[in-house]
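Participant: Single-letter residue listing:
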Amino acid sequence: MIIIVTILVAVMLAAAVAAFVFKELLSAVLAACLVSLIASILFLFLQAPDVAMAEASIGAALVTAIFVIAIKRTGKREE
Amino acid sequence: MRTTVSIVLLAVVILGFGLSLLDVPFAERKSQIGDYYIVNGRDQTGATNIVTSVVLDYRGFDTLGEITVLFVAALGLGAVMAAAGGRRERPSTTEPPSLVLRTGTNVLFPLLILFGVYIFVHGHLTPGGGFQGGAIIASAFLLVYLCCRERRINLARKTAADSLGGIVFVGLGLVGLAVGSRYFLSDFLPKGSLDTLFSAGMIPIIYIAIGIKVGAELAGVIDDLLEETE
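From first to last, the protein sequence lines are chains A and B. The numbering of the first sequence is numbering that gives the first Met the number 0, which starts it at 0 and goes up by one. The numbering of the second sequence is numbering that gives the first Met the number 0, which starts it at 0 and goes up by one.
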């Protein structure tokens, strides 16, 4: 269990840094989506299924979609 | 010079925060209220899911505030989008969606709606509730927008569902106030027996209202954003 959590947290941190570093905005949004997804799995491990469901449906799905639409409307790369 | 001063100031601030946190007993229980909810929540509210008993009963007024925040945010987005230039009709140059996406949407859309409704109808029994169920319903509409560009939600019905959810929530709270309790959103309906669908007084009704409202609002947000791109 602790190994799984360690791997998940490591991937989550890497994804968070990647979301910050990436210049391609679509990649950055997908990295942020991965952060939300892993956060929801961690919430599940912490026995908070209510928060996990909210995080997965809003953080991973809807927010990502809204960001993707916004990128489509504006520019694809960070200036 | 300025850089040095900034670094020194930052160091002072961080040191101050660190020193002030030294006395905070992390991971120790300071508040008794959580234990009180865990022990008495089921009997007092009739909701098996303790999170729901806190969200809709003990802290129901906060939830009304959350709903209001979401409503104002959706309203603001709609206003900004309307001010940004209104509807621009452009000939659709996007290629038609693939067969996989269309078939998947046709199969998944009713299932997603059903799942969302299940989540908020059973909010007092199983994990989840109005917000989660509403978000799942909105993601079903997002899938439809991805697949079939020409389809739109009916804006009049969306507004009606949105308003109905809010009216039911506030109306039930006011009825609870009028029926003889001393506070807003007090539960005046019979509790029923624990662990059954028709239990927990007015919690399921409010969660259904919240689910419909959140679903309509989030679907409206996606609709507002997509309307401009095409």
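Since the hints were made in silico from the structure, they are not lab data. Just so it is clear, CB atoms sit at the ideal spot from N, CA and C, and this is done for glycine as well. There may be inaccurate statements among the hints.
Said to hold, decoys possible - Distance ranges between label pairs, derived from CB positions:
#1 B:Val71 / A:Ala13: 15 to 21 Å
#2 B:Glu27 / A:Gly74: 29 to 35 Å
#3 B:Arg151 / A:Val10: 34 to 40 Å
#4 B:Arg181 / A:Lys71: 39 to 45 Å
#5 B:Ser180 / A:Ala9: 26 to 32 Å
#6 B:Arg151 / A:Ala13: 22 to 28 Å
#7 A:Ala47 / B:Ala159: 45 to 51 Å
#8 B:Val38 / A:Ile40: 40 to 46 Å
#9 A:Val67 / B:Gly64: 25 to 31 Å
#10 B:Leu76 / A:Ala47: 39 to 45 Å
#11 A:Ala9 / B:Val178: 51 to 57 Å
#12 A:Phe44 / B:Asp22: 28 to 34 Å
#13 B:Asn153 / A:Ala9: 33 to 39 Å
#14 A:Thr73 / B:Leu176: 54 to 60 Å
Participant: Now tell me if each hint is right for this structure.
Facilitator: How the hints compare with the structure:
1. Separated by about 36 Å at the C-beta atoms, Val71 (chain B) and Ala13 (chain A) break the suggested range of 15 to 21 Å.
2. For Glu27 (chain B) and Gly74 (chain A), the Cβ-Cβ distance of about 49 Å falls outside the hinted range of 29 to 35 Å, so the restraint is violated.
3. Distance hint check for Arg151 (chain B) and Val10 (chain A): the Cβ-Cβ separation is about 38 Å, which falls inside the suggested range of 34 to 40 Å.
4. Roughly 52 Å separates the CB atoms of Arg181 (chain B) and Lys71 (chain A), a value that falls outside the hinted 39 to 45 Å.
5. For the pair Ser180 (chain B) and Ala9 (chain A), the beta carbons lie near 51 Å from each other, so the given range of 26 to 32 Å is not met.
6. Taking the beta carbon of each, Arg151 (chain B) and Ala13 (chain A) are about 40 Å apart, not inside 22 to 28 Å as hinted.
7. A hinted range of 45 to 51 Å is violated for the C-beta pair Ala47 (chain A) and Ala159 (chain B), which are about 34 Å apart.
8. Look at Val38 (chain B) against Ile40 (chain A): about 30 Å separates their beta carbons, and that is not inside 40 to 46 Å.
9. Restraint check, Val67 (chain A) to Gly64 (chain B): a C-beta distance of roughly 30 Å satisfies the suggested window 25 to 31 Å.
10. The hint said 39 to 45 Å for the Cβ distance between Leu76 (chain B) and Ala47 (chain A), and at roughly 29 Å that hint is violated.
11. A beta carbon spacing of about 55 Å between Ala9 (chain A) and Val178 (chain B) agrees with the range 51 to 57 Å that was offered as a hint.
12. Evaluation of the 28 to 34 Å hint for Phe44 (chain A) and Asp22 (chain B) yields a pass: the beta carbon distance comes to about 30 Å.
13. Separation of Asn153 (chain B) from Ala9 (chain A) is about 46 Å and departs from the stated range, judged on CB atoms against 33 to 39 Å.
14. Between Thr73 (chain A) and Leu176 (chain B) the Cβ separation comes to about 47 Å, which falls outside the hinted range of 54 to 60 Å.
Violated hints, listed in ascending order, are 1, 2, 4, 5, 6, 7, 8, 10, 13, 14; each of the other numbered hints is respected by the structure.
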